[in-house]
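The listed protein sequences correspond, in order, to chains A and B. According to this note's numbering, the residues represented by the first sequence are 1 to 403, in order. According to this note's numbering, the residues represented by the second sequence are 1 to 403, in order.
It is worth saying that the hints were derived from the structure and are not from the lab. A quick note: this is a predicted structure, and the numbers were derived from the prediction, not measured. Just to be clear, a hint being listed does not mean it is correct.
One copy or any two copies: either way a pair holds, since identical chains are not told apart in the list.
Unchecked claim - DSSO-like, lysine-lysine: derived pairs with alpha carbons at most 30 Å apart:
| # | residue 1 | residue 2 |
| --- | --- | --- |
| 1 | Lys-314 | Lys-86 |
| 2 | Lys-225 | Lys-211 |
| 3 | Lys-314 | Lys-249 |
| 4 | Lys-349 | Lys-167 |
| 5 | Lys-314 | Lys-211 |
| 6 | Lys-388 | Lys-38 |
| 7 | Lys-38 | Lys-115 |
There are 2 protein chains.
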Amino acid sequence: MINVGILGYGTVGSGVFDILRENGKLIAGRAGEEISVKHVLDLRDFPGDSVESVLTHDFKDIEMDDDVQIVVETMGGLHPAYEFVKACLERGKSVCTSNKALVADFGPELIQLAKDRNASFLFEASVGGGIPIIRPLQSSLSPDEILEISGILNGTTNYILTEMKEKGADFDSVLKDAQALGYAEADPTADVEGHDACRKIAILTSLAYGKNVDFHEIYTEGITKITDRDIIYANRLGAKVKICGSSKKVGDGVCAMVAPVLIYPDNPLYSVDGVFNAILVRGNMVGDVMFYGQGAGKLATASAVVSDVIEAGKNIGTGVPVQWTAEKLSLVSFEESKSRFFVRTAGTKSDSESKVRDAFGDVEEVDAGFSDEYAFVTGEITEAAYEKAAGAVGTVINKIRIS
Amino acid sequence: MINVGILGYGTVGSGVFDILRENGKLIAGRAGEEISVKHVLDLRDFPGDSVESVLTHDFKDIEMDDDVQIVVETMGGLHPAYEFVKACLERGKSVCTSNKALVADFGPELIQLAKDRNASFLFEASVGGGIPIIRPLQSSLSPDEILEISGILNGTTNYILTEMKEKGADFDSVLKDAQALGYAEADPTADVEGHDACRKIAILTSLAYGKNVDFHEIYTEGITKITDRDIIYANRLGAKVKICGSSKKVGDGVCAMVAPVLIYPDNPLYSVDGVFNAILVRGNMVGDVMFYGQGAGKLATASAVVSDVIEAGKNIGTGVPVQWTAEKLSLVSFEESKSRFFVRTAGTKSDSESKVRDAFGDVEEVDAGFSDEYAFVTGEITEAAYEKAAGAVGTVINKIRIS
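The whole structure should be built from the sequences, with the hints applied where relevant.
What follows is the structure, given as structure tokens:
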């Protein structure tokens with residue numbers, strides 16, 4: 001029998017508890033032995049809940065119990081999650097976490113610590129919720145050099161952008177509805193400003209290249225500046241606005257960013273709507289593969305955590321290797337990153353056209369019926385070239401990169 | 001160093017050879033040691049090809065070489081692939097294959113044989129080409145009871161149906177074009193009659209439930225009866241015709257079939273077009289997850305084979321467990337399987353309407369502008385009930401199930 005301790009009985013932690021109980025027999029068959037929850041740590045009490053018999057308020061009950069081989073960390077936040085996980089790994093326990101902040105900040109250190117103790121540090125649930133992506137990236141795609149990763153990594157913002165398109169509504173009203181429905185948090189900053197997606201693309205990029213990406217260095221732009229007019233232009237172009245986390249091999253370097261992009265129907269990410277997430281990976285041999293599913297939600301995310309628990313359980317005493325070292329992965333300077341840009345400028349066509357062509361060269365005009373604006377799509381240019389030209393024009397209202 | 005023997009230097013076998021050479025350094029890093037091709041078996045000669053130095057015409061050179069720990073089987077067909085694979089496993093070598101016929105016919109026996117010798121028998125490439133599906137189904141989805149699998153499992157037929165829709169062309173002319181382009185074989189029977197997809201859904205279903213599905217027992221219907229009029233009706237319904245392999249848990253049993261179905265835009269398989277494949281899996285905890293990519297092609301399929309080689313290489317001496325026993329999985333009688341049906345009948349509306357309502361009860365009429373037909377969608381009924389009602393009407397031209 002494998003004994004598990006769970007740190008945090010919130011949404012995901014209680015989901016892990018429920019799955020290990022409800023699917024327990026099936027899981028025992030697949031894991032080769034029974035997996036039982038021995039302790040659940042939470043500061044709160046849960047009177048009448050089935051967790052009561054295993055609930056503790058003292059972390060030491062888990063840390064010091066040598067019968068506990070696997071610890072699930074579903075507390076969220078950096079502290080004390082980091083200290084607790086470290087203490088468990090130091091005692092030779094394996095840890096499975098859904099905590100993307102912890103993984104993005106401390107991944108290489110915790111992976112190394114697990115390795116030193118022949119234990120596992122696994123985090124399938126930290127990216128894409130229930131979508132299998134971390135393990136396929138490490139195993140199924142191991143023959144491939146990864147050329148590009150591009151993902152809709154945040155369900156809240158994908159829901160907001162989908163609703164803006166379908167209802168023709170503006171950002172603020174859709175955000176309020178999303179908050180009322182529980183799809184967006186009271187403080188939506190981490191989602192709408194792209195910080196959540198940034199940590200996730202940092203994790204995926206680190207795994208793809210085996211070296212550490214400092215997520216602070218990734219250019220991150222949220223969706224708060226996207227307006228209903230942008231959506232109308234996107235419709236006119238036959239495209240959708242999505243916020244993507246992406247990283248791309250450029251020469252010997254990697255270029256990573258999080259930003260709203262225009263996606264066309266020939267891209268499989270185009271049809272990923274609502275709260276769903278998807279990650280497109282391009283390998284130099286396998287071509288494009290995409291992984292799609294629920295990027296959040298109690299049981300979906302908990303299922304990913306439990307898949308890690310089963311894998312850690314099968315590898316007690318040896319540990320599951322994860323290729324992600326502390327060596328820094330150098331990112332290509334953002335200024336050198338290239339895209340085509342959709343750009344809206346204030347003023348009529350006759351005001352703007354020659355100014356725009358002087359600055360951007362040949363552009364494709366986009367007419368969505370607004371006579372007070374002049375909008376266009378540029379050729380492929382660097383961020384630096386875009387900034388210079390936009391500065392010269394002086395009347396840019398908004399820009400969106402084209403995927 | 002791990003030594004590999006490759007049986008068959010055709011499309012996939014030469015792809016495996018190329019990947020192990022071109023991505024060799026990266027693969028060595030991830031596998032933990034160098035993986036080198038020591039022998040390639042083929043009856044043909046390849047003068048001037050880099051395979052020449054390792055080419056053999058004698059299987060014994062691989063079978064009897066104790067330095068060869070992993071054998072790649074990419075010959076296709078059942079014989080002598082089966083005899084060769086069995087001989088290799090009996091000598092304790094691991095085998096990685098792309099041969100779906102071999103896996104569908106002899107899966108449990110070869111898995112057991114590998115297990116008895118602490119070796120691996122792996123077959124990621126046998127379903128979905130380069131798409132990671134076998135390994136995720138076995139590991140990432142291990143916490144879940146699988147409720148349903150539904151897949152676009154054959155690129156040739158998906159290409160044909162996509163072209164029929166996009167060009168408004170009929171089956172025969174699109175098939176001829178596909179043959180000219182190399183997307184369909186000279187004898188397209190296995191693809192267009194659904195036999196290929198049938199073996200693939202049998203493999204996936206066997207893995208999902210750990211018991212053996214006899215693919216002969218799966219109801220299989222191809223796309224040869226789909227006409228341009230069916231596509232026009234599908235357009236009218238806002239749906240697409242796709243040929244899907246599916247299996248679904250119904251009570252304690254599993255219902256499996258391969259057939260053309262109408263798929264609506266809310267299904268993520270709707271946007272899988274052309275030669276791409278995708279597999280949608282519904283777990284009782286994780287919900288819907290989908291895996292998408294190139295279902296065929298030299299390097300994509302070979303990449304899946306090499307991912308197995310790397311995994312087998314990491315598990316020399318222990319073997320990678322695969323949960324698929326010889327115990328028979330009992331399929332629900334096809335007659336009891338339930339669907340909604342789109343049905344076309346010959347004759348005008350006034351000829352047919354009352355006859356149809358007498359036989360099928362309340363139906364939704366579908367008007368695509370053909371006055372010589374009466375078409376409709378039924379409620380959810382069993383196959384047996386459909387057959388009885390269709391017999392009573394007596395004028396059915398075609399029917400397509402609704403996904």
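Going through the hints against the structure:
no.: 1; hint: Lys-314 with Lys-86; result: both (21 Å within a copy, 27 Å between copies)
no.: 2; hint: Lys-225 with Lys-211; result: neither (33 Å within a copy, 53 Å between copies)
no.: 3; hint: Lys-314 with Lys-249; result: between (35 Å within a copy, 27 Å between copies)
no.: 4; hint: Lys-349 with Lys-167; result: within (28 Å within a copy, 38 Å between copies)
no.: 5; hint: Lys-314 with Lys-211; result: both (26 Å within a copy, 21 Å between copies)
no.: 6; hint: Lys-388 with Lys-38; result: neither (61 Å within a copy, 56 Å between copies)
no.: 7; hint: Lys-38 with Lys-115; result: within (24 Å within a copy, 32 Å between copies)
When each numbered hint is compared with the structure, violations occur for hints 2, 6.
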